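Starting from the structure of chain V, add chains R and A where the hints point.
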Amino acid sequence: MEEMILKLKQEIIEVLNLEDVQPDDINNDAPLFGEGLGLDSIDALELIVLMEKNYGIKLQDPAKGKEIFKSVNVMADYIQKNRTK
Amino acid sequence: MAGRDSVLITGCGIICAIGQDRKQVLESLLATRTGVGPLRYLKTGHTEFPVGEVKMSDAEMESSMGIAPGTPTTRTALMGMMAMREALDQAGLTAADLPRTGFVDGTTVGGMDKSERYYLDFIGNDSRNEYIGTHDCGSCSEMIADRFGRFRFITTISTACSSAANAIELAADMIRLGEADIVVAGGSECITKFHLNGFNSLMILDHGQCRPFDRDRAGLNLGEGAAYVVLESRESALRRGVKPIAQLSGYGNACDAFHQTASSPDGEGAYLAMMKALADAGLEPADIDYINAHGTGTPNNDLSESQAMRRVFGDCMPPVSSTKSLTGHTTSASGSIEAVICILALENGFTPVNYAFENTDEGLVVPNMKLEPDRPLRHVLCNSFGFGGNDSSLVISNVSEN
Amino acid sequence: MEKEFSYVILDSGRAVVNGRSLEHEQTGNAMLAELYRAHIGDWPKFFKMDTLSKAGFVASELLFKETGETRCGQDEFTAHRAVVLFGTTASLCADTNYQETISDRDNYYPSPALFVYTLPNIVTGEIAIRGHFRGETSFYVVERPDAAQMAFHIACAFDDDVTDSVLAGWVDSRRNDDFQTFFTLVERGALEGLEDRIRTIMNNLNI
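Which chain is which? The protein sequence lines are V, R and A, in order. With our numbering applied, the first sequence covers 37 to 121. With our numbering applied, the second sequence covers 455 to 856. With our numbering applied, the third sequence covers 40 to 246.
If you are wondering where the hints come from, they were derived from the structure by calculation, not from laboratory data. Since this is a predicted model, take the numbers as computed values, not measurements. In this text, a Cβ means the ideal position worked out from N, Cα and C, and glycines have one as well. Be aware that a few hints might be false.
Stated by the list, open to error - If you want a taste of the chain A side facing chain V, the calculated C-beta under 8 Å gives, among others:
1. F86
2. Y148
3. S150
4. P151
5. V155
6. R227
7. G228
8. G232
Unchecked claim - Result set (SDA-like, lysine to any residue): computed pairs, CA atoms no more than 25 Å apart in a straight line:
9. V:K100 with R:Q663
10. R:K647 with A:N136
11. A:K84 with V:L54
12. V:K106 with A:Y148
13. V:K89 with R:G817
14. V:K106 with R:S718
15. R:K647 with R:R571
16. A:K104 with A:Y148
17. V:K100 with A:S150
Stated by the list, open to error - Some chain V residues well away from chain R (every beta-carbon gap over 10 Å; in silico):
18. E39
19. M40
20. N63
21. L73
22. D76
23. L81
24. S107
25. A112
Isolated chain V (complex conformation) (with noise of 0.2 Å):
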């Protein structure tokens, strides 16, 4: 999980542009959104392509991405539990 967590950070930075962003500044259990990251619904969206390009989770209703982005841990479970790929 340990893994998991470090290569999702990786590719959350990279995939959203994060330039400044190292992956021990992203507490495993802040939000991703709202405070902190400064993320907005645009970078939620390209995590929902992330997640179908790297893991092959096809979320249908944008709204469920609430949920999955509450933090890293979380996002990172999620995967584990469906991923496809």
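For chains R and A alone, kept in the frame of chain V given last:
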């Protein structure tokens, strides 16, 4: 600058999913008949999304316009010609009048339909090169204009979904400033794969009939079409002896300055656009008898626009509806398509229905669900908001309300 | 009055503010990032922008820095500022980048973050968002640079009696790492000689 009662509307034309001319559109509005349905004309893999297509093929429109088969055209240009013909006819304008008539067109995706169809030919062989020149937005406007004669000037506005409303605003500015007597203004845009894929990637397309202002709204349905209004100075209309059908009393544009695509939670840009339009028309909120909302059916727009309308209208909220529930979201053309719908409502005295609404959502306005015939309207407000935070609002008035 | 004559030029290998070259080691988009880090630094959304918006954003920020505005948009004055930009290729660079995400049938993931930039008026929006400018925002797609045409449209932005100042400029990007940008700030009543000033500076730009 000429006064605010100086810009008359002496003609209009429309083609969209609910009709190919004013008469058909009026009938559909009065019967609350939606034009949204399964995809029929656009060739794409995304057949799961309902759309509001114009119920004519390119070939049928070419035939209607007397264009020889094989002539390079685009669907945007063809729909534009259909609407332009009706608008010029109603205003009694002929080719002889065009050298003193301007044309301000709104389109953002232009000839993308043909570029998508022939892209592999463009890069692989020279068989379709005549369509390269029909791609850009300006060339669509020129094709539309050239069908009718020599306009005094032509310009094209691309501000995404507020393009046609901004075309009307620019045309009205020119008349008020004395730069022009007559300007045909509006927009045209066909559905393309670019729209469908792009809006799908933003996850804002409803898989069923769209439900603006509904609690369970899940996005928009794409539509297509064209509409133009003939704006004319009072002096010119008097000189020509034409009867105005409505009046453009005021308009406003503001930048939401919040996000590239999303609307701000408090609807600041929409609020400012509506306030500017009312101030420009010299009217109070209570003077407005109907609002044709931008009302796309996305969770974000309808919430933001509701907040803005509440801030402007407070306790005197007039009937509100989004006719996108009938036409689909006609993107760049929506400003003028909905302006023509407002003109039809003013002329015939009724409030168009917000189709497919079922459940009230806290924080949102409750839209108009019942068509009230014989309801005289004095002034109506028509909202159009575009990506980039480009928000516009028009006040259109009954000609007897000066 | 000095304020009215401030300008910024940015192209793929050059950053000039009022005739003064800014130091940089990189070129192209890397130069924009270098300038962002050296002179701006508090708007991480910069890294998400397309090349057109990056160039326009950095140029506008450098200009405001030069004209001494502390925090744009916090006062009433800048709320009445219009943004009027010009270019020939509109969003072509972003269109190409987006096209690449949908050109491979087996690796087909249309990028929402790239799609939102496939409109030229997004660059005007990005600048307005940063500065809270609520006035007119226009992007004129023109065939070629024409100082008279630019001066005319800038002057028109003042016709509404409300607009106090216009952030005006040329911003063009055919592809990543290739951009030409010129920005200036025009205040109400300072239109005299504008056309000549624009022509002189635009001649200095390799378009």
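(request) Could you grab the alpha-carbon distance between K100 (chain V) and Q663 (chain R) and see if it respects the 25 Å cut-off? (result) Roughly 21 Å separates the two Cα atoms, so the pair holds.
(message) Under 8 Å is the threshold here; is the Cβ of G228 (chain A) close enough to any Cβ of chain V for the hint to stand?
(response) violated (38 Å)
(request) Run the C-beta distances from A112 (chain V) to all of chain R and say if the shortest one exceeds 10 Å. (result) Holds: least Cβ distance 22 Å, greater than 10 Å.
(request) Examine each Cβ of chain R, and state whether all of them lie more than 10 Å from the Cβ of M40 (chain V). (result) holds (26 Å)
(message) K647 (chain R) and R571 (chain R) were given as a pair; does the straight-line alpha-carbon distance stay at or below 25 Å?
(response) holds (10 Å)
(request) May I ask you to test the interface hint for F86 (chain A) with respect to chain V, counting a Cβ-Cβ separation under 8 Å as satisfied? (result) holds (4 Å)
(request) Compare the distance between the alpha carbons of K104 (chain A) and Y148 (chain A) with 25 Å, and conclude whether the hinted pair is satisfied. (result) At roughly 39 Å apart (the allowed maximum being 25 Å), Y148 (chain A) and K104 (chain A) break the hint.
(message) Restraint: G232 (chain A) near chain V, CB-CB cut 8 Å. Satisfied or not?
(response) violated (41 Å)
(request) Taking the shortest Cβ-to-Cβ distance between E39 (chain V) and chain R, state whether it exceeds 10 Å. (result) Answer for E39 (chain V): holds, closest chain R Cβ roughly 30 Å.
(message) Please verify whether K89 (chain V) and G817 (chain R) have alpha carbons no more than 25 Å apart.
(response) violated (36 Å)
(message) Less than 8 Å between beta-carbons is the criterion; does S150 (chain A) satisfy it with respect to chain V?
(response) Since the shortest Cβ distance to chain V is 7 Å, the answer is holds.
(request) Return the status of the interface hint for V155 (chain A): holds when the least beta-carbon distance to chain V is below 8 Å, violated otherwise. (result) holds (6 Å)
Consistency note: the structure conflicts with the earlier hints numbered 6, 7, 8, 13, 16, 22, 23.
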